[in-house]
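Number of protein chains: 2
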Amino acid sequence: MILSLVLAVAGTGMAQELANFSRGGQRPIISPDIQGDSVTFSLKADYATVVKLSGSWLGNRPVDMTRGENNVWSVKLPLPSPEIYTYNFVVDGVAVNDPQNVLVQRDGTRYLPMLIVPGERTENYGEAKTHGTVSHPWYESKILGYSRRLTVYTPYGYENNPKKKYPVLYLLHGAGGDEEAWISMGRTAQIMDNLIEKGLAEPMIVVMPNGNPGQQAARTLNIPEKTINWRSEEYRNAYVNSLCTEIVPFIEKNFRAIPKPASRAIAGLSMGGGHTISASILYPELFDYICPLSAAGSATPEQITALKNAGVKLYFLACGDADFLFEGSKTLDKTLTEQGLDHVFFVSDGGHTWANWRLYLNTFAPKLFK
Amino acid sequence: MILSLVLAVAGTGMAQELANFSRGGQRPIISPDIQGDSVTFSLKADYATVVKLSGSWLGNRPVDMTRGENNVWSVKLPLPSPEIYTYNFVVDGVAVNDPQNVLVQRDGTRYLPMLIVPGERTENYGEAKTHGTVSHPWYESKILGYSRRLTVYTPYGYENNPKKKYPVLYLLHGAGGDEEAWISMGRTAQIMDNLIEKGLAEPMIVVMPNGNPGQQAARTLNIPEKTINWRSEEYRNAYVNSLCTEIVPFIEKNFRAIPKPASRAIAGLSMGGGHTISASILYPELFDYICPLSAAGSATPEQITALKNAGVKLYFLACGDADFLFEGSKTLDKTLTEQGLDHVFFVSDGGHTWANWRLYLNTFAPKLFK
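So the protein lines, in turn, are chains H and A.
Count along the first sequence from 1, then add 3; that gives the number in my numbering.
Count along the second sequence from 1, then add 3; that gives the number in my numbering.
Calculated from the structure, these hints are not laboratory results.
Hints may contain errors.
No copy is singled out in the list; a pair is fine if it fits within one copy or between any two copies.
[To be verified] Under the rule of at most 25 Å between Cα atoms (straight-line distance), these lysine to any residue pairs were calculated in the SDA-like manner:
| no. | residue 1 | residue 2 |
| --- | --- | --- |
| 1 | LYS47 | LYS79 |
| 2 | LYS55 | LYS373 |
| 3 | LYS145 | GLY160 |
| 4 | LYS55 | SER84 |
Using the sequences and the hints, build the whole thing.
This is the structure:
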């Protein structure tokens, strides 16, 4: 009785809090629809003139969709190789998301539907049977001048083992990201859940801070007005200092973290790779595991020697061979070799993409804390 | 140097992890742009024929936008009264979100940009100075047959006062929602942050479960295949039983909750209001604070008498006078009066909307645990 009333109201377009119903009994449109080796995308667009599909695996070549029954436009394509792709429709020149797809990632202000193509490459990107907890505590930064939001993953079992302490991976995003980037685009919770469930990675805490010092938190307009130039010499390392002298102590106070270098890892992509390198130079005793990914950063022979003397259990450098930062990674690899710092240089296909950063996390996380 | 490289790549449309840059130095389009008593919405749409603005305060009457310089379409409207509204553009008949707006709410699979109009009504809906922590633990439900995701708000100060215990509000969503509905559309974290910061509400934990027993978690496709009919007599109260005998103990074990009826409140909207009433009937000793909001549910005189005998500190019934469930709330109010159960019947303008549910939370939260 109540339900039929609610559905009747939905027809007026006035009711809120109803979207789950579209996932209920009747769903006339399924999109994306993977069947065998193909995938079909569909969108109802009554008044459109031209509807195209834009997909991250299609490069800059959106494909035409065809108007069918009831003005449902569709296109059937060969399934690309296993990976997570993003896509959207282009209706008369304007990008439109897929209203049928529950899987959506956020990149800044852009929300993009995801296509997860099953396979070996993506087997850790879907939901595991067991789940860690994702939380968003705020830490007070005296260095940056305000409280700032973190994302923290604690592994499955954390709540049920109140005496157990865990190692910590600090996982940093790039210049366009924020404290949700590794969760949303990087599938960190799913990757860690799967790796830990399979016994491939040690149960660990993963801390994902916001690496843009002028931003208090993602998706808030409460960004304090500052006259600070974060790129000035004075503030050049402000975020890395906050990370190493404020966030690390905050985590070790408020989570059951093992407060030792052998139980701390740092990894980061692009700008976060630069932060990773800077942290390892400025605080060579803090982290025993150092993983710059597609990194925007470099280190001198003297800095690498100092780091080698401080002791490093794993130096995992990764980059795509088509990445615009590949030359920098090759130079760093050479410096590491010349200074005799034992390391891994993991070179993948492709460029500066989340496909690579997910692959890197899935590859280095099993090497940590062992 | 690095930055200019990154920006160069952005032009190709291939780079990811770049969206924050649009919030940087140059932002040619600001939308929505509130100036004085008006608000202007703008969208760049090069090839569109007709662009309209649809807004929750405009009813079913989208307004035309005008093509301006560089194919930026815009419309300037009088600012509606203080409230949170949602809106989107309609480009040649298809709904499109505002790429300039960082404030987005999620309702099932729909992402909708928000317009927050400042004023007394909305002063607790924006970011406070202090912030609680929002986390997403999973609890194991033997009754429902799988692990399920919760949203938990712990108030500012929870981490810094490790001996302090807190009362708990269980806050339930409606049939179309999930465990993120009260955070995303309800602005619960902001409302609680503001109320607690101002000393208007007791610091409390707020627990927001997923009230659809067939759904493991929002935004996952890992929904176990079940042949269970959740609406059958056998499973009719399965979720409420899980809430009262599984979620409450889980919270009281894993968070510093005061495990007493006087420190437990339950509130819910629509279907969640029905769950609230059911929980109060099935477990009359569990909660001393009971708040059905725009509730889809009823109670017999005998059930109310049993509840009265169990002892209730606050019964806060709320509904909009244009709500399609208003008659049911009036009937419940009458039964409560006839059975002599002291209560508040809070009647607001309007209907079955998040505008009302935010108002109700902002109104009853200060009355809890005092």
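* Asked: Which numbered hints does this structure break?
  -> Hint 2 alone not satisfied by this model.
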